[in-house]
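Peer 1: Sequence:
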Amino acid sequence: MSAEVQLKIADNKGFFYIDIDGKREAMMTFVFAGENKIIIDHTEVYPGNEGKGFGKKMVTKAVEYAREHGIKIIPLCPFAKSVFDKVAEFRDVL
Numbered sequence: 156m157s158a159e160v161q162l163k164i165a166d167n168k169g170f171f172y173i174d175i176d177g178k179r180e181a182m183m184t185f186v187f188a189g190e191n192k193i194i195i196d197h198t199e200v201y202p203g204n205e206g207k208g209f210g211k212k213m214v215t216k217a218v219e220y221a222r223e224h225g226i227k228i229i230p231l232c233p234f235a236k237s238v239f240d241k242v243a244e245f246r247d248v249l
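Using our numbering, the first residue of the sequence shown is number 156, and each one after it goes up by one.
To be clear, the hints were calculated from the coordinates, so they are not data collected in a lab. Check the hints yourself; a few may be wrong.
With beta-carbon atoms standing in for the labels, derived distance ranges [claimed, not checked]:
| no. | residue 1 | residue 2 | range |
| --- | --- | --- | --- |
| 1 | 176 | 225 | 18 to 26 angstroms |
| 2 | 177 | 227 | 31 to 39 angstroms |
| 3 | 177 | 243 | 18 to 26 angstroms |
| 4 | 204 | 162 | 28 to 36 angstroms |
| 5 | 174 | 243 | 12 to 20 angstroms |
| 6 | 201 | 225 | 28 to 36 angstroms |
| 7 | 207 | 166 | 25 to 33 angstroms |
| 8 | 175 | 247 | 14 to 22 angstroms |
| 9 | 192 | 244 | 16 to 24 angstroms |
| 10 | 178 | 249 | 27 to 35 angstroms |
When the alpha-carbon atoms are kept at most 35 angstroms apart in a straight line, the in silico DSBU-like pairs for lysine-lysine are as follows [what the hints assert, rightly or not]:
| no. | residue 1 | residue 2 |
| --- | --- | --- |
| 11 | 178 | 227 |
| 12 | 212 | 163 |
| 13 | 241 | 211 |
| 14 | 163 | 178 |
| 15 | 216 | 178 |
| 16 | 178 | 211 |
| 17 | 207 | 192 |
| 18 | 227 | 207 |
| 19 | 227 | 168 |
| 20 | 236 | 168 |
| 21 | 207 | 241 |
Computed from a prediction, not measured in an experiment: that's the story for all the values here. C-beta: ideal position from N, C-alpha, C; glycine also.
All chains should be built: construct the whole structure from the sequences, respecting the hints.
Peer 2: Printed below as a string of structure tokens:
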């Protein structure tokens, strides 16, 4: 059971997600705001997966993506914002 975070982008939006055994277990959606920003607008961890750290894993992957591509993140989603508030090391991409 690997909980690896995947990324899918289509046009000006995308999502980070975790599939386990072919079933979607968590998803965090975002939209591009211009060429150098993404807005995280929703994080959802599906029932039965609470407390497994999936939400934080997806935010971490978004931070890695932002650093790799030289972009910033606007966390409109309350969950994503709470992770940025708690993890000072992520604030370089805010």
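Peer 1: For each hint, tell me whether it holds in the structure or not.
Peer 2: Cross-check of the supplied hints:
no., hint, result
1, 176 with 225: 18 to 26 angstroms, "35 angstroms, violated"
2, 177 with 227: 31 to 39 angstroms, "34 angstroms, holds"
3, 177 with 243: 18 to 26 angstroms, "36 angstroms, violated"
4, 204 with 162: 28 to 36 angstroms, "19 angstroms, violated"
5, 174 with 243: 12 to 20 angstroms, "30 angstroms, violated"
6, 201 with 225: 28 to 36 angstroms, "32 angstroms, holds"
7, 207 with 166: 25 to 33 angstroms, "30 angstroms, holds"
8, 175 with 247: 14 to 22 angstroms, "30 angstroms, violated"
9, 192 with 244: 16 to 24 angstroms, "20 angstroms, holds"
10, 178 with 249: 27 to 35 angstroms, "32 angstroms, holds"
11, 178 with 227, "30 angstroms, holds"
12, 212 with 163, "15 angstroms, holds"
13, 241 with 211, "11 angstroms, holds"
14, 163 with 178, "15 angstroms, holds"
15, 216 with 178, "19 angstroms, holds"
16, 178 with 211, "19 angstroms, holds"
17, 207 with 192, "28 angstroms, holds"
18, 227 with 207, "26 angstroms, holds"
19, 227 with 168, "15 angstroms, holds"
20, 236 with 168, "19 angstroms, holds"
21, 207 with 241, "17 angstroms, holds"
Taken one by one, the earlier hints fail for this structure at numbers 1, 3, 4, 5 and 8, listed in ascending order.
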